[in-house]
Amino acid sequence: MSDTFLTRNPSTLVFLAVLALFVLSVTLLAEGAGVGVISTSFVKTLGKTLCLALVALAMDLVWGYTGILSLGHFAFFGLGGYMIGMWLMYARTQAIVVSSLSEAPIPATDSEIVDAIGNQIFGVVGSSEFPLIWMFADSLLLQLMLVVAVPGVLALVFGWLAFRSRVTGVYLSILTQAMTLGLALYLFQNDSGLRGNNGLSGLQNLPGMDHVPQATLSIWFFWASAAALALGYLFAAWIVAGKFGSVLRGIRDNEARVRFLGYSVEGYKLFIFTVTAIIAGIAGALYYPQAGIINPAEIAPVASIYLAVWVAIGGRGRLYGAVIGAIFVSLVSSWFTGGQAPDLDLGFYTLKWVDWWLIVLGLSFVLVTLFAPRGIGGLVDLWSDRRQPDRHGADLGPGAGALREKEAEQ
Amino acid sequence: MRTTLLAGLMVLLSSLAALAQQVPEPAPVQSILQEQSALIQKSSRKTIAPAIAALAESGLPQAQAVLEAWQVKALWMRISDGMFFRGEKLEGQTYRLFDFDTGQAVGDVAKSDLKQIKPNSGIRALIATALVQFQLSDPDPSRREEALLAIERAPAGALLAPLRASIPGETDPVLKVRKMRIEQLLTIAHGTDEARRVATIQSLSGDLGLDVRATLNPLVSTQLRAFAGDIPAGLNVARRVAPGAGALSPDAAYDLLVAAKLAPARLSSDEIRTTLAAHIEGGRVGGVPLAQLNKEDARTRAYAALVEAGQAPARVSAEQITQSLNAHVFAEIYDEPSAVMTHAAQAALTSIATQVAVGQAVDLTLDALSLASIYFLAAIGLAITFGVMGVINMAHGEFIMMGAYTGYVVQQVIPNHTVSILVAVPLAFAVTFAAGVAMERLVIRWLYNRPLETLLATFGISIALQQLAKNIFGTQARPLTAPGWLDGAWIINDVVSISYIRIAIFMLALIFLGVFLFIMRRTRLGLETRAVTQNRAMAGSMGINPERVNMLTFGLGSGIAGIAGVAIGLFAKVTSELGSDYIVQSFMTVVVGGVGNIWGTLAGATMIGFFQKGVEWLNPSNTLAAQTYMIVFIIVFIQFRPRGIIALKGRAAGD
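Chains as they are written, first to last, in our numbering: chain A, 530 to 939; chain B, 18 to 672.
If we strip away everything but chain A, and leave its shape as in the complex, we get (with noise of 0.2 Å):
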């Protein structure tokens, strides 16, 4: 079954085969595993790189293959960073919490130590007492069921009510914003029981992990997300090459069309947005380990418009193109926002790209909106020789996608 499915979708195979060499290589270059030639920082980068082209994946599963232009998927990816880092955190704090009160003359109950750990993280918002949410954080496998479990149910939840209601386009589109935003506000709060604007921080020390250095421990995350991003390819690959994936291509080119076909829209619908909102889930619980901290300001509605940046500019509608598009944008802004790009002289005007970076970004993403629609996968197109429909004029019928003018003429 897996061979044919690979022999049928010749670009996973080649997809996985350039990871695997980006893997080695990196492995082969970094300060932890390697040579040194490449550092801890920034093989950090390249690991949290590879989760956000796991998310931009989920994204372009969700839009570029069903057409439901989610603005909420860096919420759910941010809940996963939440859901790890309540752990990480927990665990680290336990660790400094036992090893400080060893040294009491009188060994410390479960309860003291618990109420110190309560101490050491909520002391910043003013409060020493465990919300309810932290009631699995001492355990690392509800929490790890957590980070699937609580994107899952919200993004079902939020999608049942949203789909059953038949809010399609850009409503949903703006609905889903206004749930990051009412999560990413409800966050902001200091009660909501994570440390408010505070976020939660230290997240990159494993616990129990004290003697792997850093440089060790970010080649493991490295790997870590590589693997993920992997799976998570195929997984795609798998449901988009099969009877499901034609089923949700007809939802996005004409979702009426597939209703009175007889399938349940709302049930596949439903179905896409859970599984890509777990994928993101999982890929920020990768992700946030490797950043250190997260805060609120991390799913903002903004950070989720940019999810849709990535997958449009490396290309909606094909998978490579989405990992693409993650992997190109956001590197190419750390380079130029992180003060390494040189100063442009223009003779009247020196052009600073740390002033003037997303200015380029957010023209170029009108450009490729506008001339690109295919974004930098369709290069692949030139160079694969495989054709587009050459569709022009104006759309006969009311709505989109409906034959134009001149294709009715031939």
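Any given hint might turn out to be false.
[Stated by the list, open to error] Pair ranges (Cβ atoms, derived):
1) A:Ala-826 to B:Pro-496: 17 to 27 Å
2) A:Phe-571 to B:Leu-635: 42 to 52 Å
3) B:Ala-451 to A:Pro-871: 29 to 39 Å
4) B:Glu-564 to A:Arg-788: 52 to 62 Å
5) A:Thr-879 to B:Ala-451: 51 to 61 Å
6) B:Ser-220 to A:Ala-826: 51 to 61 Å
7) A:Asp-667 to B:Gly-261: 29 to 39 Å
8) A:Asp-884 to B:Lys-135: 49 to 59 Å
9) A:Val-653 to B:Arg-160: 50 to 60 Å
10) B:Pro-235 to A:Val-653: 29 to 39 Å
11) A:Asp-667 to B:His-360: 53 to 63 Å
12) B:Pro-496 to A:Val-653: 29 to 39 Å
13) A:Asp-884 to B:Trp-502: 35 to 45 Å
14) A:Ala-826 to B:His-207: 48 to 58 Å
[Unchecked claim] Taking beta-carbon pairs under 7 Å as the criterion, some of the chain B residues facing chain A (in silico):
15) Arg-290
16) Asn-311
17) Thr-435
18) Val-460
19) Leu-469
20) Ile-480
21) Ala-481
22) Gln-484
23) Leu-485
24) Phe-604
25) Ile-648
26) Pro-659
27) Ile-662
Think of the hints as simulated: they come from the structure by calculation, not from any bench. Built from N, CA and C at the ideal position, the CB exists for glycine as well.
Since chain A is already given, all that's left is putting chain B on it; use the hints.
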């Protein structure tokens, strides 16, 4: 010889006696000053009170002059004999001294022979209070007003009598009303005649003034106290409290007993741990191995063993706590001893509370209306571009920002605030109209069939514009100052008030509504816009140029956003993020209200404004929570009315 000697002695004695009579009692005020000389020279806030009181209560008219001179640092002491004078600076380092009692100049003295009495700010405040009784009847009304202000700041019982005395002679009707009100408040707080105090309280019942509540509240303040046996007679009991029922938890009740030394203190777990740590013997405490002490019950056993050995005080058991609680009575006791007074004050406060609740409801409604008009202003441009044309313009917020920055730039050029606002409004419209038309021509018209891509392309423009504003104006907030006549607030009473700027925004929202309705229903452009919206091809075949109509409609929507930006900039700080703060709420407003209908937008803004203010009222400390709940509410609301409050029906609804 002997007689001459005697006579000489007599003369000397008599002159000495005359001198003795003259020096210690030269004049009434000077004598008081001499009595208090030590305190005055020490000039300390803590000890000065008797000196000021002696002057103020002397009843001498000259005392006012002394206090006034003292207050402005014109009180001088002649070092040679310790007399006090008012000093006036002459040329050089000399001062002309005036006697307080006679008002006559007594001579010019060099500064080196004088000592200036310099009161610090604390002393000056005390002097000001003391001066009040003189100033209350001052011929100058502004002085009398100052005196009343001083009383309001520091009400004191001593001022009641002079205040009452000054009322009949008051000529200014406004000041007379104020004096009478302050007299009432002083009577309640410091009066001596209980019947009169109660009558005054009753006369002020239902008054909304903050000052009335500030006066009445101390009268009903209570303290929770515990008594062994019965409550002693003579105490003004507000209510008895049973521990465990209602507000008083058993723990808090027991802590109260401990604080009143009516019961032994409980041992905290920290104290027990410290005691255990102090009795470690050979790795064991009370026979329990150290390693086991990480469990609560092991600690209890170890501590019990210590108690048995007499090495630690016994713990207070749960039964003991229950017994102590049962043996005592808890009650809230008024600080004010008179039951008649507290009863009257309580009744008055209850009736005031009802009035305040009504006032707050009105105030909340005004607040909600003003928030609704802000949302409406921010959303009305969107109602045109999104509602009428179906174009998602994520850069709408940036048009609002551009309008606000236009206002800021105009204010840099034209310093007069009124003129600059009058110039800024049309200019902001022109700037954003041009930007909107340019955007429509360059980007949006290529994407009319692809709404999701319009969203993304306009988002690209939005981040570019935001960064451009940051590059030009920097990241710090720029002020857009409202003209002077918009400062301040319309204060109806101490509970209900609304700032003029919010009234102006409300009016502006109404004007926009009128302009929108006029354009859509009464002008050629409105007719054409509606035609193109309904059926673009059919409108085109009727001779309407849809391209032009779309361009102008989009420009109109953007221009209105620019004017809204000027209005929003007047009360919010102008930053490059000004627009993105409003964009999601604006879309919510349009979607909740119902796309394609201005009344829907109005209804949406009203609903969101009222809902948000309502949640803020329930949880006033947390405006973030209010926004969160609002968004959850909107998501749920969309379930029941997916097309908004006012939904288009039939063909106009599109799909």
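These are the hints, each one checked on the structure:
{"no.": "1", "hint": "A:Ala-826 to B:Pro-496: 17 to 27 Å", "verdict": "holds (26 Å)"}
{"no.": "2", "hint": "A:Phe-571 to B:Leu-635: 42 to 52 Å", "verdict": "holds (50 Å)"}
{"no.": "3", "hint": "B:Ala-451 to A:Pro-871: 29 to 39 Å", "verdict": "holds (35 Å)"}
{"no.": "4", "hint": "B:Glu-564 to A:Arg-788: 52 to 62 Å", "verdict": "violated (35 Å)"}
{"no.": "5", "hint": "A:Thr-879 to B:Ala-451: 51 to 61 Å", "verdict": "violated (29 Å)"}
{"no.": "6", "hint": "B:Ser-220 to A:Ala-826: 51 to 61 Å", "verdict": "holds (56 Å)"}
{"no.": "7", "hint": "A:Asp-667 to B:Gly-261: 29 to 39 Å", "verdict": "holds (34 Å)"}
{"no.": "8", "hint": "A:Asp-884 to B:Lys-135: 49 to 59 Å", "verdict": "holds (56 Å)"}
{"no.": "9", "hint": "A:Val-653 to B:Arg-160: 50 to 60 Å", "verdict": "holds (53 Å)"}
{"no.": "10", "hint": "B:Pro-235 to A:Val-653: 29 to 39 Å", "verdict": "holds (38 Å)"}
{"no.": "11", "hint": "A:Asp-667 to B:His-360: 53 to 63 Å", "verdict": "holds (56 Å)"}
{"no.": "12", "hint": "B:Pro-496 to A:Val-653: 29 to 39 Å", "verdict": "holds (32 Å)"}
{"no.": "13", "hint": "A:Asp-884 to B:Trp-502: 35 to 45 Å", "verdict": "holds (39 Å)"}
{"no.": "14", "hint": "A:Ala-826 to B:His-207: 48 to 58 Å", "verdict": "holds (55 Å)"}
{"no.": "15", "hint": "Arg-290", "verdict": "holds (5 Å)"}
{"no.": "16", "hint": "Asn-311", "verdict": "holds (4 Å)"}
{"no.": "17", "hint": "Thr-435", "verdict": "violated (36 Å)"}
{"no.": "18", "hint": "Val-460", "verdict": "holds (6 Å)"}
{"no.": "19", "hint": "Leu-469", "verdict": "holds (5 Å)"}
{"no.": "20", "hint": "Ile-480", "verdict": "holds (4 Å)"}
{"no.": "21", "hint": "Ala-481", "verdict": "holds (3 Å)"}
{"no.": "22", "hint": "Gln-484", "verdict": "holds (4 Å)"}
{"no.": "23", "hint": "Leu-485", "verdict": "holds (6 Å)"}
{"no.": "24", "hint": "Phe-604", "verdict": "holds (5 Å)"}
{"no.": "25", "hint": "Ile-648", "verdict": "holds (3 Å)"}
{"no.": "26", "hint": "Pro-659", "verdict": "holds (5 Å)"}
{"no.": "27", "hint": "Ile-662", "verdict": "violated (14 Å)"}
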